[in-house]
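Protein chains in written order, with numbering that gives the first Met the number 0: chain B, 0 to 288; chain G, 0 to 234; chain F, 0 to 213.
There could be a bad hint or two in this list.
Unchecked claim - A few chain G residues that face chain F, going by a derived Cβ cut-off under 10 Å, partial list only:
#, residue
1, V8
2, T21
3, G41
4, G43
5, I76
6, I94
7, A95
8, A97
9, F114
10, F123
11, T127
12, Y169
13, I178
14, I220
What the hints assert, rightly or not - A partial selection of chain B residues facing chain G, derived with a Cβ cut-off under 8 Å:
#, residue
15, D121
16, Q122
17, H124
18, H196
19, G210
20, S221
21, S222
22, I224
23, G258
No wet-lab data here; the hints were simulated from the structure.
All C-beta atoms in this analysis are idealised placements derived from N, C-alpha and C, irrespective of residue type, glycine included.
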Amino acid sequence: MTEQKTEKRSIYRMLVEYDRRIIYLFIFVLIIAPLMQPFSLPIQVSPGTMTYYNVINGLKKDDVVLVVFDTEFSGYMEIQSGILASIKMMFEHEVKVAIAVSHPEATGIPQLVFDQLKGVMDQHHYIYGQNYINLGYIFPNEASVASTAQDFHSIVRQDAYGKSIQGTFLDNVNTWKDWTLISDYTTGIQSGSLINHYGLRGTPMIVNCIGVMISTQMPYVSSGIYKALLESMRGGAELEYLTSSPGPGLTAMNSFTLGHYLLMIAIILGNIGYFGYRSEMSRKAKEER
Amino acid sequence: MDIIEVSIVGVGAFLAICMFTTLYGKSNPLYALAEESYIGFGTGLTIVINLLFIYKTGILGIQAGDWLLSFGIILGIMVLARIIPKYSYIARVPIAIAIGAQFGLALRTTIFTGFLDQIRATIFPLLTGDAMTLLNRWTIALSVIFMLSFFFYTTELKGPLRWSARIGEYAMYVAFGGIFAQTFMGRLSLFVGFMQNYTVPPWKIPYLLGSLIIVFAAVIILDRAKLLEKLTPEE
Amino acid sequence: MSSFFKSKTAQLTIMILSFLAIFVPYFIDVPVMTTFSTKLITITAIVSAFTLLLALYSQFRRGYTFIQKKKRGWIFKAYMMISIVLMLVFALFGQETGPYNWVMYAIITPLSSVNYSILVFYMASTGARAFRARNTRALLLLITGFIVLFYQAPLTGAFFPQLTPVALYFTNTFVAAVAKMFLISVTVGAIVFGMRVLMGKETTILGFTKEEAS
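Given only the sequences and the hints, what does the whole structure look like? Please build it.
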């Protein structure tokens, strides 16, 4: 009986004082394993994602969209599902797409996107310069964003590959008024600047942001500056589901689910250990008295 | 898959797992290797990209006839005077111009986006919409008012103000629970996205697992041999 | 000449004129002023890009000091400095292919990805060790957190759709309210700080030390 009591006490203590590397190991295993054998899970589409989908669906042929990769490469890892699903929709609607980046690490993203969407681009006869263009790193700071909003060609004369943009569809773009939509994929680098110099002036904006930014971006949705907000990888997965184009988002949802459950189980076990150990200690103190 | 692609995956997986060795709990030379690689090559990338921006915006603009942009180049070179302590005061003029301009850009718009529009969006739509929409809007409006009252430091919180602050405090804790969940989702997504990069397509998996085994085995062996601290750079 | 650069009044005047050149044309549309304002914004963009080049100097200074003192692991700092130079050299061979492109995808992008994704481990272990339902506030935080976490996991959201409106209510109201509250407060603070700088009360931002400012 005494041995059983000792064992029970040490379980509570174990739950409070375990090596945190055990959690690290569990996270590694629970995330990697489902990725090696992905299987589909059903997913519920949130109203926010539905609004985002409707905005892109409302685009017409030859509308001019500015796509901004406002993220470091780590952010791209999180929101690549939303990026690929959104831009695929734009290509399917045959809109004209100009891509700009605001971080040096993001200069490698456009080519990755083009490589993955090559099939759709060929299907809709996308020609560089006529239907899409990669402008590269043109938004290093707020002043450059403001400058392009007031006089686009004062900042941008060449594309990312050093070719002149004269003779492309950007000849008709001079100020913020000439864009049909700004689609910002952001970790917060120039999102504030885009809001201040494009969104506030009335250029429609949609945003796909990382998870930590969701709460800070909500006020702009309610004030009407953002037409829609796509939330992190989960939002990207929902968009993939809506557009019937499974990609990195949907295949990640298994790992995503297990990661969430692991955290909840860890918190519950931690609390069981804490309260159990606390009552053990107070019982011990009473016995000693 | 060609040799370049394989080398990119192999080296990338190795360095990335080296970065993860910080989770082992002790500083180690493999983490230092990954850290200094990122700092070095990342700084080089930033310099290259910014030089290109200065060339495309400034130099090409001047060549196109916009001679006013030469002031940008001259002022930019003056900023670099900060490197020489004896002449660092030269950088004050371009910094003053840049700061004044940045304040002008920020203040002319932030007043609307961060203040007036937010108040308008909170207060005005309180009487329109269906039941669920009204419930949401009133919850937001009342929560904002109660939460703001929690941060009143200029007057003693008593009577109705004390209750308002107390409700605001509890509303904030409810919000923090949601924010924690969203933040965790964001960080988890980053990790899942990174792992996807090294598990799709499946030929990348052996490189990932191989790097995991080799790197962590090396760290454990170095730790057992008491060589970790000797080989790790000083902070 | 140097007295002009060292004069606090001169720098403040330049800053205020620069501020007005950008601020006023936004509200009063005079074509000449608007054109000048746009040019000044472009010049500011170029000047701000130059400040990022100072990163090169600071990294080299840091590394050189470390190597000079022959601290343990100085070889890593030497490697860091060599890698900066290598990247600048590689850029000369072109950015779409070649060694620059290889370094971008083999070194920079994987390390950038890991940089922030490590935080999930720390969040999970901290959440497990620190989140205790000790009082009402902590309990509220945990309950809301659990509801939103359950909703976010697609499996739960799909099989228990009753949870969705509750989770969405919390995120669309309380979370949005706290974000609005912080945004309004931070905006007011930023405006006040901006006014203080323009009135000359915060001169350290211009590079004046406290002694020079007084």
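Hint check results:
Because the beta carbon of V8(G) sits about 8 Å from the nearest beta carbon in chain F, less than 10 Å, this interface hint is met. The restraint placing T21(G) at the interface with chain F holds, with a minimum CB-CB distance near 7 Å, inside the 10 Å limit. Interface restraint check for G41(G): the shortest CB-CB distance to chain F comes to about 6 Å, inside 10 Å, so the restraint holds. Below 10 Å, beta-carbon pairs count as interface contacts, and G43(G) has one with chain F at about 2 Å; its hint therefore holds.
This hint holds: I76(G) has a C-beta 7 Å from the nearest C-beta of chain F, less than the 10 Å allowed. A least Cβ separation of about 6 Å between I94(G) and chain F falls short of the 10 Å threshold, and the interface hint therefore holds. Satisfaction of the interface hint for A95(G) is found here, the shortest Cβ-Cβ separation to chain F being roughly 4 Å, below the 10 Å cut-off. Annotation: interface hint on A97(G) holds; nearest CB of chain F at approximately 5 Å, less than 10 Å.
Annotation: interface hint on F114(G) holds; nearest CB of chain F at approximately 5 Å, less than 10 Å. Here the hint on F123(G) is broken, as its CB sits about 14 Å from the closest CB of chain F, past 10 Å. Nearest Cβ of chain F to the Cβ of T127(G): about 17 Å, over the 10 Å cut. The hint is violated. The beta carbon of Y169(G) is positioned within 10 Å of a beta carbon in chain F (closest approach about 6 Å), and the interface hint is therefore held.
At a threshold of 10 Å, the smallest CB-CB gap from I178(G) to chain F is about 6 Å, leaving the interface hint in force. A cut of 10 Å between beta carbons decides the hint on I220(G): the least distance to chain F is about 19 Å, and the hint is violated. Proximity of D121(B) to chain G is violated relative to the hint, the smallest CB-CB distance being about 21 Å (cut-off 8 Å). Because the closest C-beta pair between Q122(B) and chain G is about 22 Å apart, greater than 8 Å, the hint is violated.
Annotation: interface hint on H124(B) violated; nearest CB of chain G at approximately 28 Å, more than 8 Å. Contact between H196(B) and chain G, as hinted, is supported at the beta carbon level, the nearest pair being about 7 Å apart and thus within 8 Å. Annotation: G210(B) was flagged as interfacial toward chain G, and the flag holds, the nearest CB pair being 2 Å apart, inside 8 Å. Here the hint on S221(B) is kept, as its CB sits about 5 Å from the closest CB of chain G, short of 8 Å.
Using the Cβ-Cβ criterion of 8 Å, the hint placing S222(B) at the interface with chain G is satisfied: the shortest such distance is roughly 4 Å. Look at I224(B): its Cβ gets to within about 6 Å of chain G, closer than 8 Å, so that hint holds up. At its closest, the beta carbon of G258(B) sits 5 Å from a beta carbon of chain G; the interface hint therefore holds under the 8 Å criterion.
Hint violations for this structure: numbers 10, 11, 14, 15, 16, 17, all remaining hints satisfied.
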